[in-house]
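Peer 1: Using the hints, position chain H against chain G.
Sequence lines, in order, name chains G and H. Read left to right, the first sequence gives residues 4 to 352 (the working numbering). Read left to right, the second sequence gives residues 409 to 555 (the working numbering).
Among the hints, erroneous ones may be present.
Quick list of in silico lysine-lysine cross-link-like pairs, DSSO-like style, CA-CA up to 27 Å [stated by the list, open to error]:
| id | chain 1 | residue 1 | chain 2 | residue 2 |
| --- | --- | --- | --- | --- |
| 1 | G | 138 | G | 124 |
| 2 | G | 245 | G | 334 |
| 3 | H | 475 | G | 334 |
| 4 | H | 522 | G | 321 |
| 5 | H | 522 | G | 334 |
| 6 | G | 334 | H | 489 |
| 7 | G | 138 | G | 334 |
| 8 | G | 321 | G | 124 |
| 9 | G | 124 | G | 245 |
| 10 | G | 58 | G | 46 |
| 11 | H | 475 | G | 46 |
| 12 | H | 522 | H | 472 |
| 13 | G | 334 | G | 321 |
Hints listed in this document are in silico derivations from the structure and should not be mistaken for laboratory results.
Listed below, chain by chain, are the residues.
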Amino acid sequence: MLIHIPVILGAVVATLVAQTALAEAANGALLYQRNCAVCHGIKGDGGVGIPLNLKDFLAVASDNYLRATLREGRPGRVMPAFPGLSSGQVSAIIGHLRSWSDTEGPTYPAETLNGQPERGKTLFASHCAACHGDKGQGGVGTGVTFSRPRDAPVEAPALDNPGFQASVSDAMLKATLLRGREGTPMPSIGTLGLDERDADDLVTYLRQLNTATKPEETAAGLEPVIQFESSYDLEQTLENLKQAVVGRNFRVIREQYFEQGLAAAGEENPRRIMLYFCNFAFLDEALAIDPRVGLFLPCRITLVETEQGVQVMSINPKNLSQLFNNQALDKACQQMHDLYEEIMEEATL
Amino acid sequence: MKKYVVMLVLLLSPVLAAEELFMVRSQLSFPEAMTVLQQAIRENGYQVSRVQRIDIGLTRSGYKTDKYRVVFFGKLQEIRKISDQYPELVAYLPLKIAIFAENDETILLSSSFKHLRPFYSSVDLLASFSHWETDIQTILERVRIEE
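Here chain G stands alone, though its shape is the one from the complex (with noise of 0.2 Å):
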């Protein structure tokens, strides 16, 4: 009987995967609450990513559009692509959108407009370039409670996304343009004296935008620990990180054994020491940039006394940074990388 109990349970595995997925399939509200609700809002306000329950964004959107974003994601602007998400998934999502709005989804034509480039060039300089960037590379930052006021629902976002530019249609981006979108910066660009042919052109001019995203590094390339072995013993290493991080402008913020709080009081490895420290400007900047940098904070090096001698080491903000699909980040992240080696290198050589 026990021979049969694996085979058993997989059938009955199976079965309730199966139907895992068909009800999951038929609860958009479900999977947008899962997948989508801790950046969008609950009720779609938005939040670290755009609010979606805008009645001019629903009317202009269409099924294909939201469907390929899904797909796509936003490479290096925090919204990431749903490969795991199934058709049917997808699109009970789309539907859960719809139910914010009492008009359908449009549909539009594939054609590509014919406008004139240049022409939509200078009105993107004069016009859309203050709130979308000079080459259509988006406002910096997200997140509403750290980057931006509270009142402002959105940044630009950047057009020149490779995820944006496949999602989108250029009778979408017209009809968006013609429309603007009330609830955000974004006007009619009736409103600003422009027509039809002007859209045209702007939306020519925005299908010749850079695309070209950067070159993900491999994972191969992005050791997870900065790691030094110090020739100092333990004392004294963490007597020069301290100096090393107050001389580039950190505060250290508490220095404590690695299981403190873990262990009893006493019963702590005393070899093994973490020292945190902090920078509130840098801080300030990189919640700017993203609010979930939590989890590289506190800034912190870690000592462990070895019988080979004392290293000295911190996680590598550029291999965690990959997770987070932010490039603005990656910059930041890239700093903090240097600074830790200069200050590990300058307590320990």
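Peer 2: Chain H alone, transformed into the frame defined by chain G:
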């Protein structure tokens, strides 16, 4: 038999997506979410070792921010064993969950160990990564569904 039941539960768990970052939004206010988080950590057999108040230092230095903490937690014996075998991994230990307020709601996040996996081949260590990921997601889901 027990291991098959555990497998069944894990396979059907709604929080086991192959994600790189684990993020949830809780409709609880920050203080309530923080309480449930610490409770969930303990319920899953872990001990909170420290709560780092990120917002306090920022505010004292004149920067405007909302409530933002990092909760560190672990199991002493497990962390001792792994840090003895892989001293460099102390940089990633204890485990941590960041928690911050967004208006009346709260966002919690932690990371998977996907970025560490390519560097290690030990079956035991990879199993530890997997069970930490499962536990972290279970903890986060517990806070997410709490009303």
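Peer 1: Now tell me, hint by hint, if it's right for this structure.
Peer 2: These are the hints, each one checked on the structure:
Of the supplied pair hints, the one linking residue 138 (chain G) and residue 124 (chain G) holds, its CA atoms being roughly 10 Å apart against a limit of 27 Å. A distance of roughly 25 Å separates the Cα atoms of residue 245 (chain G) and residue 334 (chain G); the hinted pair therefore holds under the 27 Å criterion. Between residue 475 (chain H) and residue 334 (chain G), the direct Cα distance comes to roughly 25 Å. Compliance with the 27 Å bound is thereby established for this hinted pair. Distance hint between residue 522 (chain H) and residue 321 (chain G) is fulfilled; the C-alpha atoms sit about 14 Å from each other, no more than 27 Å.
Our distance criterion of 27 Å between C-alpha atoms is met by residue 522 (chain H) and residue 334 (chain G), whose separation comes to about 21 Å. Proposed proximity of residue 334 (chain G) and residue 489 (chain H) is contradicted: the alpha carbons are some 35 Å apart, above 27 Å. Pair hint residue 138 (chain G) plus residue 334 (chain G) holds up; C-alpha atoms about 19 Å apart against a cutoff of 27 Å. For a cut-off of 27 Å, the pair hint linking residue 321 (chain G) to residue 124 (chain G) is broken: about 35 Å separates their Cα positions.
Proximity of residue 124 (chain G) to residue 245 (chain G) is assessed by CA-CA distance (about 52 Å); at most 27 Å being required, the pair is judged violated. A threshold of 27 Å between alpha carbons decides the hint, and for residue 58 (chain G) with residue 46 (chain G) the separation of about 13 Å falls inside it, so the pair holds. Between residue 475 (chain H) and residue 46 (chain G), the direct Cα distance comes to roughly 22 Å. Compliance with the 27 Å bound is thereby established for this hinted pair. Under the criterion of a C-alpha separation no larger than 27 Å, the hint pairing residue 522 (chain H) with residue 472 (chain H) is inconsistent with the structure, at around 33 Å.
For the hint pairing residue 334 (chain G) with residue 321 (chain G), the CA-to-CA distance comes to about 9 Å; that is within 27 Å, so the pair holds.
Hint violations for this structure: numbers 6, 8, 9 and 12, all remaining hints satisfied.
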